[in-house]
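Asks: With chain E held as given, fit chain D onto it using these hints.
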Amino acid sequence: MRLTQGQFSFLPDLTDEEITKQVQYALDQGWAVAVEFTDDPHPRNSYWTMWGNPMFDLRDAKGVMMEIDACRTAHPEQYVKVLAFDSSYGFETVRMSYLINRPAVEPGFELLRSEGPGRRIGYTVRSYATGRPSGERYGGEARHGA
Amino acid sequence: MNYVSTTLPTDRTAADGVVSDPKARYRPGVLKYRQMGYWEPDYQPKDTDVLAVFRITPQDGVDPEEAAAAVAGESSTATWTVVWTDRLTDCERYRAKAFRVDPVPGTPGQYFAYIAYELDLFEEGSIANLTASIIGNVFGFKPLKGLRLEDMRIPVAYLKTFQGPATGIVVERERLSNFGRPLLGATMKPKLGLSGRNYGRVVYEALKGGLDFTKDDENINSQPFMHWRDRFLYCMEGVNRAIAETGEIKGTYLNVTAATMEDMYERAEFAKELGSVIIMIDLVIGYTAIQSMAKWARRNDMILHLHRAGHSTYTRQKSHGVSFRVIAKWMRMAGVDHIHAGTVVGKLEGDPNVIRGIYDTCRETHVPQNLQHGIFFDQPWAGLKRVMPVASGGIHAGQMHQLLTYLGEDVILQFGGGTIGHPDGIQAGATANRVALEVMVKARNEGRDIWNEGPEILRDAARWCAPLRAALDTWKDVTFDYASTDSVDYVPTPTAAM
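Protein sequence lines, in the order shown, are assigned to chains E and D. Residue 0 is where the first sequence starts when you use numbering that gives the first Met the number 0, and the numbers rise one by one after that. Residue 0 is where the second sequence starts when you use numbering that gives the first Met the number 0, and the numbers rise one by one after that.
This is chain E alone, in the form it adopts within the complex:
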């Protein structure tokens, strides 16, 4: 499967040039760019691991791209996303979120059903990858010492 979280997952994977333009857009709006990664892509996993704090004081797309690249290089077999935080009144939330790296193989999710009375079914979504400990999930990243 292809995980389609984020703004641009239905498009071909973004090139570095395209990522730079999106970063520049965020900076132009006055938003702070952040990078997060995970090997637990459950749709309700709100808290991916932060690659440092949001880069509030970094106003240069090139500098941001270096952080993005460092995260991607350190975790080539994990999901990596770029976020933009808007601190303005009425928002004070995430304004952009898009994947810039994904594992080579994405096994996806299993839908577990528990049958209840009255034809009711309780549904649980489980990531196939999270059956293994973090760090050993996608493509054996642990082998590379991550």
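Please note that a few of the clues may not be correct.
When the alpha-carbon atoms are kept at most 25 Å apart in a straight line, the in silico DMTMM-like pairs for lysine to aspartate or glutamate are as follows [stated by the list, open to error]:
#1 E:Lys61 - D:Glu445
#2 D:Lys207 - E:Glu105
#3 D:Lys207 - E:Glu66
#4 D:Lys271 - E:Glu105
#5 D:Lys207 - E:Asp39
#6 D:Lys207 - E:Glu109
#7 D:Lys271 - E:Glu109
#8 D:Lys159 - E:Glu91
#9 E:Lys20 - D:Glu408
#10 E:Lys20 - D:Glu445
#11 E:Lys20 - D:Asp409
#12 D:Lys45 - D:Glu452
#13 D:Lys294 - D:Glu244
#14 D:Lys207 - E:Glu91
#15 E:Lys20 - D:Asp459
#16 E:Lys20 - D:Asp229
#17 E:Lys20 - D:Glu452
#18 E:Lys20 - D:Asp377
Source of the hints: derived by calculation from the structure; they are not laboratory data.
Replies: Just chain D, lined up with the frame of chain E:
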């Protein structure tokens, strides 16, 4: 006994000014509304006043100030004749004051009448009470040919007595983990007749193909062909399967509209038990029922979608009724999270400037006066959450650049026919819409001029996306280009060329 006095005491007909002598003022009989004190051109509205502007069309021979005063009177304390019991009250405080009348530009015989209402006239937190005054009796008043409530200014003091949206745009996006682009939805079609099992199939296909939401239509409740429990169960199977296959949070607006509050609560509770993130109601259930469901939604972490079923009966004609921007304002106060608010380019009524005013009313934290958008007053929103507008009705992927330009990012674009009618199936229809949306947002962020380059951007994406190519081929010539019946009256003054 003569109940309708047609001859007024001479000392009260000589002038149309306020009768200030109490003895003359309260002599039994009939006075003009302006003589009773409902026309007060020198009145300075207070920050705590509720303000309203009405479009009035007086009957021939009725002067506009008297007509405005009559509206003020009939929507506040007055009746058709003088009553001495006014004198038991601080009646000057409770009397609404018409304080300004402007001719409607370019429309002889119509006037904008501004009226101020004292805050104590209204029960806290009650749309029913607010509207019982403002639109209660007065719209059938004989001396007027027509009456339309154009806009209102709700004072912060009154706003703070309302819950406001149960969830709001920000929390909705955080719960769905969906940022940076409009959300995508589709109304299930055919509107009526599908069995629960077949209906859930459409839900599943559309969500799997790339939509965030699917939606019951306004008239899907619990009919012989599909009872509500069946629909809810099958829909949630479709939703959960689509979540598992995409890794995205998705939902379907389960319409809980029913005959009684008890029925609606029962359906809403069932939706919650099944894990739905959103329920839906129709405007026709009434203001009190809407407020009740908004409280339920806040209490149960549920997004509340409102379909504006019925509104065009009173919002569409300019001469009589209630402008939709006022309905949108009331609904933000009442506490809904989504409201259908027009598409500009689709099949339903929607002048671009009017729609802009409505979207601002839903989404902004402070809406400044803007006559060209139909906004007559500054409206601070006092921290009430923001409502997600929904664009639905006759829109398709080929219009994506126009939709994004007109409607912005915090909006739900609903392609019903434009998803389900796709030649290669529902999933392909959903994918076409999602790709068109993502490619357009990406291009906008890259600084491209999507208004002019939009068709080219879509064509380029269609080279690698077959579903989008088929969608563009199918609907390329579909437009709904009719003059709007509801437009704004103020146009920008052209700046003299230097």
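Asks: Okay, which hints does this one fail, numbers in order?
Replies: 3, 4, 12, 13, 14, 16 and 18
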